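Chemist: Turn these sequences into a full structure, and let the hints guide you.
From first to last, the protein sequence lines stand for chains Y and W.
Residue 228 in the working numbering sits at position 228 of the first sequence, and the numbers go up by one each step.
Residue 121 in the working numbering sits at position 121 of the second sequence, and the numbers go up by one each step.
These are computed hints drawn from the structure, not numbers from a lab.
Careful, some of the hints might be misleading.
Stated by the list, open to error - Residues on chain Y that point at chain W, a partial pick, calculated with CB under 10 Å:
id, residue
1, 126
2, 167
3, 169
4, 175
5, 176
6, 189
7, 191
8, 195
9, 319
10, 322
11, 323
12, 362
Predicted model only: the values in this text are computed from it and were never measured.
Ideal placement from N, C-alpha and C gives every residue a C-beta, glycine not left out.
Protein chains: 2
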Amino acid sequence: MAEFKVTPWKVEGKIDYEVLEKQFGIKPLNQELQRRLEKHTGELHYLIRRNIVFAHRELPWLIDEYEKGNKFYLYTGLAPSGQMHLGHLLPFMFTQWLQEKFDCEVLIQIPDEEKFWARQNLGMSLDDYHKLAEDAALNIAAVGFNPKKTRIFMDTDYAKTLYKQAVKVAGHITFSTIKDAFGVGNETNIGWIFYTSMQAVPAFLKSVEEGKNVPCLIPLGVDQDVHFRVARDVIGKLGYYKPAILHNTFLPSLNGDVKMSASEKLGSIYLNDTPEAVTKKVNRALTGQQATAELQKKYGGDPERCMVCQYYRFLFEPDDKKLERIFDAERKGTILAGEHKADLAKRIIAFLAEHNRKKEELKGRIDSFMARD
Amino acid sequence: MAEFKVTPWKVEGKIDYEVLEKQFGIKPLNQELQRRLEKHTGELHYLIRRNIVFAHRELPWLIDEYEKGNKFYLYTGLAPSGQMHLGHLLPFMFTQWLQEKFDCEVLIQIPDEEKFWARQNLGMSLDDYHKLAEDAALNIAAVGFNPKKTRIFMDTDYAKTLYKQAVKVAGHITFSTIKDAFGVGNETNIGWIFYTSMQAVPAFLKSVEEGKNVPCLIPLGVDQDVHFRVARDVIGKLGYYKPAILHNTFLPSLNGDVKMSASEKLGSIYLNDTPEAVTKKVNRALTGQQATAELQKKYGGDPERCMVCQYYRFLFEPDDKKLERIFDAERKGTILAGEHKADLAKRIIAFLAEHNRKKEELKGRIDSFMARD
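Modeler: Written out as structure tokens, the structure reads:
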């Protein structure tokens, strides 16, 4: 069994998703559930079809409630630790799609204090994180959320709303629980020990606000599940519905690592990368191709090991048939690394140009998304 | 050496204040310092003259700053756990006097979450504590603070202001530190572990607000010192002045225990006690008198052991000469327990009537004291 460790602050090694399911108790998003979703959405997002959104907690319950007329809301978030990269967008793109299909409200938490506590070794100030959070809000809004149904908040700006509820959560969580779940120790700062209470709040905040239970669905990267393994029990004890969860896997870094980390500069495409930087990074990407053009033409490559193919799969080719053609060309050796990379770089550059155009447009009206106390 | 334990959540046994000084590193408020204070206040509060306000941290520095023209502000607070009793008023009466003499701003924190976390065994909800906090705000304002220079706040209502700063504090405190200082363990809830970060904030909040260092003086019951033993270092690391502190001892309960605890119903006079309840409780008070009236007349009693005398000393006879006459009558046996108690009960009843009249008057305008985000 491959060694792996999935915690909210670091992903190490290659992840064995089957073990993850067994260890964390999350269930696969199987065909039957996909069909149940499709009945309501009319189609399935490519991230579901491709098993990138691959697992869940209590999705059947959520759909049951929906079918009974109990609409749910969505909650997701991002803790900034540096510039945002492509991998950060995945859960937001998926959440935006869910918002559109189910016409529901979305709460988006940007905990500006989380990495301040969790990554003290970086030596960044809370103000530094707050600035990153402001930029993150723009990047997230640019994904296309409906401003009338989306509430983005930074923890330190929304603390009056959040803290009061976090107090109740914290009262139900012991240090032992945090120690086991997050691997913290005696030398961990008390902020990081407390933090998960803040992340739990948006999962039941609508129920508090409406004075009645409202189902909540949380799309998230699987590394964040640990927060809700702890919080779901507590939320139940507080008398609210436990949130349902949809888990996605991680966009690999261009050099083939499991999760594109904001600190791995060369393997990540940042949302503010220049076209030159994108081209340079894509040119260094790991591909599944043979050592020479001749061998590649003869034997073909492996799209599963080719990061160029994977970037199409995760982000840049939503059409399954077109993706299959790309994979096929890789397998058959009809496309060579140079051309393959140049095509992808072009797609990424166009995507970023469009993203940053939308982001720029939002600058004057980001407040229509933001919730502050 | 008498065994004792002073922590912010329970005071057990008889306190040896000398050991306290050695163990906690706080210094006696000696004659020289009393004279330095008196130079600015014109007179000394009876709580200082009687050694009830008995110790300090860095008072000489604070007076130095004051003499250089750097005015200080005051910070104190109260965590409600039940109805307020007479003992709770002491630090506020003293703080109000300081406000008047030094014409300075006062911040008063009412942490409605503290006992929710620290006393989970009581089974009270956060809403219960919030209601107690609202009542506490009235009791505190009724002590006579200047509404133009006093800011009272409950943590959950002022969390946007407090949490952002508490985040910075928490980043500098490890679980080990909390474990050593507060005696918490693995089964302690993460709220209580985090809490001291919130209590630290008002000690440097004015410096944050004014963008320059402002000295702070904290009058408090000595059991609260532990919070600032932890926080003072952190506040220094954040670049702010460490607060100076003035410590008071505890009003004994009527049955002679060291600290009047809100949970010891019979030994405590609550601010909302009826005259009948006051009379009944005072009649049960421990006195220093002999077993019979005859023996008392012959040998006299011990005012140090007489709670009636002590209540005059702590609260009901600010005039030293009159107090000495009361003590003397007790020593010489010229006053008997019945009369002695009846006199005190009358004083307490009159005090409470006046206090509650002021409290009632404040109900319509408490908002002029309150700070909320």
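Chemist: All the hints need checking, so say for each whether the structure fits it.
Modeler: Consistency of the hints with the structure:
no., hint, in the structure
1, 126, "holds (6 Å)"
2, 167, "holds (4 Å)"
3, 169, "holds (8 Å)"
4, 175, "holds (5 Å)"
5, 176, "holds (4 Å)"
6, 189, "holds (5 Å)"
7, 191, "holds (3 Å)"
8, 195, "holds (9 Å)"
9, 319, "violated (45 Å)"
10, 322, "violated (47 Å)"
11, 323, "violated (44 Å)"
12, 362, "violated (24 Å)"
Of the numbered hints given earlier, the model fails hints 9, 10, 11, 12; all others are met.
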